[in-house]
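A.B. asks: Sequence:
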Amino acid sequence: MATSSRIHLTPLTGTELPHHKDIPSDGDKLPDLQTFLAEVLAEGDRFMSTTLHDGKVFKVGDVKHQPPAKAAIQIRSAVIPHQPTENWFARTSVHEDAATDGTATWAEFDGNLRADHSDHEKDYTPSVLSAQKEYSWEQDIQAFGATAGTWQDITMEIRLMRHKMPVFFLKDREFRVLVITARAQKWNRFIVVQIPVARNTIPETASKAGQQAVNAIYCSVETGELLDGKITWSMGTASDAKGILPMALQKTQMANAVAIDVSYFIKWRMDRRKSHAV
1 MATSSRIHLT PLTGTELPHH KDIPSDGDKL PDLQTFLAEV LAEGDRFMST TLHDGKVFKV
61 GDVKHQPPAK AAIQIRSAVI PHQPTENWFA RTSVHEDAAT DGTATWAEFD GNLRADHSDH
121 EKDYTPSVLS AQKEYSWEQD IQAFGATAGT WQDITMEIRL MRHKMPVFFL KDREFRVLVI
181 TARAQKWNRF IVVQIPVARN TIPETASKAG QQAVNAIYCS VETGELLDGK ITWSMGTASD
241 AKGILPMALQ KTQMANAVAI DVSYFIKWRM DRRKSHAV
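Counting from 1, one number per residue, gives the positions in the sequence shown under full-length UniProt numbering.
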């Protein structure tokens, strides 16, 4: 039986998520946790390994350079028919597996982009103000060995990510996302899937502080793979910052926005190595 596609801008509701003791379900039949994880991870992996490279879907764009990262960054874009229509932007860069300026080791990529993904994103991304963890399925996932399909070391949690906007008069944006991370069982590959989560059907637990933010949405898939001493790092995302920003204007900024993350991460790792931090 075919499984439904979940990696979209349409937020998941409480009844579309596996059971969590603190999320009310009103007696609805909920997805099995291990099956849910296997399906979402397979969908994300298929998207990055197949759809991203389908010339009928994604248009190849510019090659960008973001120092201090040495790797060239290939940009792709696509308009994917869904409800609503999704404007996807993606990047791929190939890095030397080395603890030297301009790049990072596989251990650094995997240990900071997969492991504790959201916390590390806050550490290296200037616009991320907070990454509050609301829910975790850790105990339930550990009960079946944190494996599903071809993946291991799986985590799943709901995070409330707060971003500062680049223009001073725009309010901060808050993105509530389901974050799933995993590592391949038989080769050096990781994946991170993020899907928006509804704010009206799942109780919010994150603390409220400071200026009121605009509720926004994004979904993304990120992968890393080590092969023959080269690390291929790819990410695809669709988003809507909401508020007064028209989508046409948002689209003009997205290619640069996805590319600059490469610079942020590599610079952060270089700085951490120089300070002898982990």
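Please note: incorrect hints may appear among the correct ones.
Unchecked claim - In silico lysine-lysine, DSS-like type, Cα no more than 25 Å apart, as pairs:
| # | residue 1 | residue 2 |
| --- | --- | --- |
| 1 | K186 | K64 |
| 2 | K64 | K171 |
| 3 | K122 | K29 |
| 4 | K186 | K122 |
| 5 | K56 | K267 |
| 6 | K230 | K164 |
| 7 | K242 | K230 |
| 8 | K70 | K242 |
| 9 | K21 | K171 |
| 10 | K230 | K70 |
| 11 | K274 | K133 |
| 12 | K70 | K56 |
| 13 | K274 | K122 |
| 14 | K267 | K164 |
| 15 | K122 | K164 |
| 16 | K171 | K242 |
| 17 | K230 | K267 |
| 18 | K21 | K70 |
| 19 | K171 | K133 |
| 20 | K267 | K64 |
| 21 | K64 | K122 |
| 22 | K274 | K230 |
| 23 | K122 | K171 |
| 24 | K230 | K133 |
It is worth saying that the hints were derived from the structure and are not from the lab.
A.B. asks: If a hint holds in the structure, say so; if it doesn't, say that too.
C.D. replies: So, going through the hints one by one against the coordinates:
1. K186 with K64: violated, 32 Å
2. K64 with K171: violated, 29 Å
3. K122 with K29: At roughly 35 Å apart (the allowed maximum being 25 Å), K29 and K122 break the hint.
4. K186 with K122: violated, 30 Å
5. K56 with K267: Roughly 35 Å between the alpha carbons, so the hint for K56 and K267 is violated.
6. K230 with K164: violated, 33 Å
7. K242 with K230: violated, 38 Å
8. K70 with K242: violated, 34 Å
9. K21 with K171: The hint is violated at about 33 Å.
10. K230 with K70: Distance ~13 Å between K230 and K70 Cα, so the pair holds.
11. K274 with K133: Roughly 30 Å between the alpha carbons, so the hint for K274 and K133 is violated.
12. K70 with K56: Not OK: K70 and K56 at ~30 Å, beyond 25 Å, violated.
13. K274 with K122: holds, 20 Å
14. K267 with K164: holds, 20 Å
15. K122 with K164: With Cα atoms ~11 Å apart, K122 and K164 stay inside 25 Å; holds.
16. K171 with K242: It holds: about 11 Å lies between the C-alpha atoms, which stays within 25 Å.
17. K230 with K267: The given pair, whose Cα atoms are some 19 Å apart, holds under the 25 Å limit.
18. K21 with K70: violated, 46 Å
19. K171 with K133: holds, 22 Å
20. K267 with K64: Measuring from Cα to Cα gives roughly 16 Å; hence the hint holds.
21. K64 with K122: holds, 23 Å
22. K274 with K230: holds, 23 Å
23. K122 with K171: Judged against 25 Å, a Cα distance of about 18 Å means the pair holds.
24. K230 with K133: Status violated; Cα separation ~33 Å.
When each numbered hint is compared with the structure, violations occur for hints 1, 2, 3, 4, 5, 6, 7, 8, 9, 11, 12, 18 and 24.
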